[in-house]
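Participant: If you read the protein sequences in the order shown, they are chains S and Y.
For the first sequence, this note's numbering begins at 1 and goes up steadily by one.
For the second sequence, this note's numbering begins at 99 and goes up steadily by one.
Simulated from the structure, these hints should not be mistaken for laboratory data.
Please note that a few of the clues may not be correct.
[Stated by the list, open to error] What the simulated footprint calls covered on chain Y by chain S, stretch by stretch (three residues with Cβ under 8 Å from a Cβ of chain S suffice, anywhere in the stretch; the number is not a length):
1) 114 to 120
2) 135 to 141
3) 170 to 177
4) 282 to 295
[As the list claims (entries may be wrong)] The following label-pair restraints were derived from C-beta to C-beta distances:
5) S/Leu90 / Y/Val248: 33 to 41 Å
6) S/Ser46 / Y/Thr142: 19 to 27 Å
7) S/Leu94 / Y/Val131: 21 to 29 Å
Glycine included, each C-beta is placed from N, C-alpha and C at the ideal position.
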Amino acid sequence: MQKTISTEKSLDGPFAANMTWGVLVVMTLVTFVIAERGLSGIYIVSFLMMGMLIKGHLIVDVFMGLGNVKRHWRWLMRGYLLVLIGLIFLAYWLNVGN
Amino acid sequence: MHAVTETAQPKSRNANLPGDFAIWVFIFSELMVFGIFFLAYAFTRSNNVDLFNASQATLNQTAGLVNTLVLITSSYLVVRAVQAIRRGDSIRCSRFLWMAGSMGAVFLVIKVVEFGEKFSAGITLSTNTFYMFYLSLTFFHFLHVILGMVILFAVALKARRGGYSANDHQGVETGGSYWHMVDLVWVILFPLVYVVR
Numbered sequence: 001m002q003k004t005i006s007t008e009k010s011l012d013g014p015f016a017a018n019m020t021w022g023v024l025v026v027m028t029l030v031t032f033v034i035a036e037r038g039l040s041g042i043y044i045v046s047f048l049m050m051g052m053l054i055k056g057h058l059i060v061d062v063f064m065g066l067g068n069v070k071r072h073w074r075w076l077m078r079g080y081l082l083v084l085i086g087l088i089f090l091a092y093w094l095n096v097g098n
Numbered sequence: 099m100h101a102v103t104e105t106a107q108p109k110s111r112n113a114n115l116p117g118d119f120a121i122w123v124f125i126f127s128e129l130m131v132f133g134i135f136f137l138a139y140a141f142t143r144s145n146n147v148d149l150f151n152a153s154q155a156t157l158n159q160t161a162g163l164v165n166t167l168v169l170i171t172s173s174y175l176v177v178r179a180v181q182a183i184r185r186g187d188s189i190r191c192s193r194f195l196w197m198a199g200s201m202g203a204v205f206l207v208i209k210v211v212e213f214g215e216k217f218s219a220g221i222t223l224s225t226n227t228f229y230m231f232y233l234s235l236t237f238f239h240f241l242h243v244i245l246g247m248v249i250l251f252a253v254a255l256k257a258r259r260g261g262y263s264a265n266d267h268q269g270v271e272t273g274g275s276y277w278h279m280v281d282l283v284w285v286i287l288f289p290l291v292y293v294v295r
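Take these sequences, add in the hints, and give me the full structure.
Facilitator: What follows is the structure in structure tokens.
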């Protein structure tokens, strides 16, 4: 008799991949609506930067599979995203009101 | 007695990086280069906000949207290919990789049309600072898509010929990791260059 261990809901299973794809598509569509309406301002910039960060984390953790690797590798990539997007935000934030 | 099979290999949160370690050195190097490029764009914009906003408004945002969806879907297909080979299904793995690579081709076609629109409007690298960044950033990424496609098709071909198995599929993970990096860069590039103002 064969017994099956299902890991479908783990980070490297089909469920996580399907959900991640769906979330990425929805977030991209929201970004497009913002672009189409020409919305701007520091709150919109913050929202878009947060979106970049979330999408980046999802790709790193689920698609790249780093959600399961040793902590230092995971945080190297997460740190890259945090620092990069943080600095980009700083460049826009410094410009508010100019 | 029970035979136990796994539908997808469970991993502890202490696994090593997927694929060959060398590709990760390459991926981190590439991410550093793109990161410096993005920061140069963001801080240069601070001194030319009106110019950047006016030039950004001429970009084809629909093309940017479609290309983002294409790359996200392509990356998803690569994930499915890796899952298939972990189950030992090399034919399915190969099919997913061909589909992913084909979506890369769709990305390139859309990008070529977009570049064509800009060049026929007389826009070049020297038109202004925004277009210098836009053309060089997107072309640099374009080259990475081409390299990623070559890798995906080579891995797909090997998978088709039975070159990978459930126990030996490092090549699929290596190629996949590179492709996800290409996707990751675009997911930052699209909002930064096409949307944020």
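Participant: If a hint holds in the structure, say so; if it does not, say that too.
Facilitator: Going down the list of hints, with the structure as the test:
Residues of the stretch 114 to 120 of chain Y with a Cβ under 8 Å from some Cβ of chain S number 3, which satisfies the need for three, so the listed coverage holds. Counting residues of the stretch 135 to 141 of chain Y whose CB lies closer than 8 Å to any CB of chain S gives 4, which reaches the minimum of 3, so the coverage claim holds. Counting residues of the stretch 170 to 177 of chain Y whose CB falls under 8 Å from any CB of chain S gives 6; the rule of at least 3 is met. A count of 10 residues in the stretch 282 to 295 of chain Y with a Cβ less than 8 Å from any Cβ of chain S is obtained; the coverage claim is therefore met, three being the minimum.
Look at S/Leu90 against Y/Val248: about 37 Å separates their beta carbons, and that is inside 33 to 41 Å. The given range of 19 to 27 Å is respected by S/Ser46 and Y/Thr142, whose C-beta atoms sit roughly 21 Å from each other. Checked against the hint of 21 to 29 Å, the pair S/Leu94 and Y/Val131 passes, with Cβ atoms roughly 24 Å apart.
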